[in-house]
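> Numbered as in the working numbering, the sequence shown ends at 166 without a single skipped number.
Bear in mind the hints are in silico, worked out from the structure with no lab data behind them. Check the hints yourself; a few may be wrong.
Stated by the list, open to error - The calculated label-pair distances, taken between Cβ atoms and stated as ranges, are:
# : residue 1 : residue 2 : range
1 : R150      : D11       : 17 to 23 Å
2 : I126      : R28       : 23 to 29 Å
3 : E57       : D30       : 16 to 22 Å
4 : Q35       : R100      : 32 to 38 Å
5 : I54       : P134      : 26 to 32 Å
6 : E59       : A89       : 20 to 26 Å
Built from N, CA and C at the ideal position, the CB exists for glycine as well.
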Amino acid sequence: MVLTEPARDSDAILRFWFEDCRPWQWFRRDPSFDQRIGERFGALCLSAQTGDLIAWEQEACSALALVLLLDQFSRHVWRGQAQAFAGDARAVNLSREALRQSWIQNEPERARRQFWLMPLLHSEDIATVESAIPLLERWADPATAAIAQRNLKVLLEEGRYPWRDQ
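Turn these sequences into a full structure, and let the hints steer you where they fit.
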């Protein structure tokens, strides 16, 4: 079977994040890691943020790759800039669609379920973060659910995430 360019790109994203990277790299500030993601996937992040890659939304694996571009890779590529969060709304919509399609519920790997749900945790909408907590407890892990609870507390007190100003 010959993979189309979009299939190769989405497979490369999933392979990079879940096979080539180690979990400790996902959440750490590391300029060399950020640069590596930017060099390899920066153009795809921009395409995702500008509303391209619509075809990726039709299938679970490519949709997860799109969520990673919008919610994770963008935070590495544009760390410390507003553009890091430019894809958040689309990522939240994709997470909700994945729940509706049972893609998250049918995903056997905990790490993949976690990243399906991360856009809900990152949202600055209180109701969205509230809804994420039981989903993270069920489909991800208690530590990630605890982060969502801390995020919710910040949103209730501040109305937004103040660290996004940095």
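> Take a look at whether the Cβ-Cβ distance between E57 and D30 falls inside 16 to 22 Å.
30 Å, violated
> Could you see if the CB distance from R150 to D11 stays within 17 to 23 Å?
34 Å, violated
> Could you check the hint for me, namely that E59 and A89 are 20 to 26 Å apart, CB to CB?
At roughly 21 Å between Cβ atoms, A89 and E59 fall inside 20 to 26 Å, so the hint holds.
> Between Q35 and R100, is the Cβ distance one that fits in 32 to 38 Å?
Since Q35 and R100 have Cβ atoms about 36 Å apart, the given range 32 to 38 Å holds.
> When you take the CB atoms of I54 and P134, is the distance between them in 26 to 32 Å?
30 Å, holds
> Using the C-beta atoms of I126 and R28, is the stated range 23 to 29 Å upheld?
Holds, since I126 and R28 (Cβ atoms, about 28 Å apart) stay within the stated range.
Violated hints, listed in ascending order, are 1, 3; each of the other numbered hints is respected by the structure.
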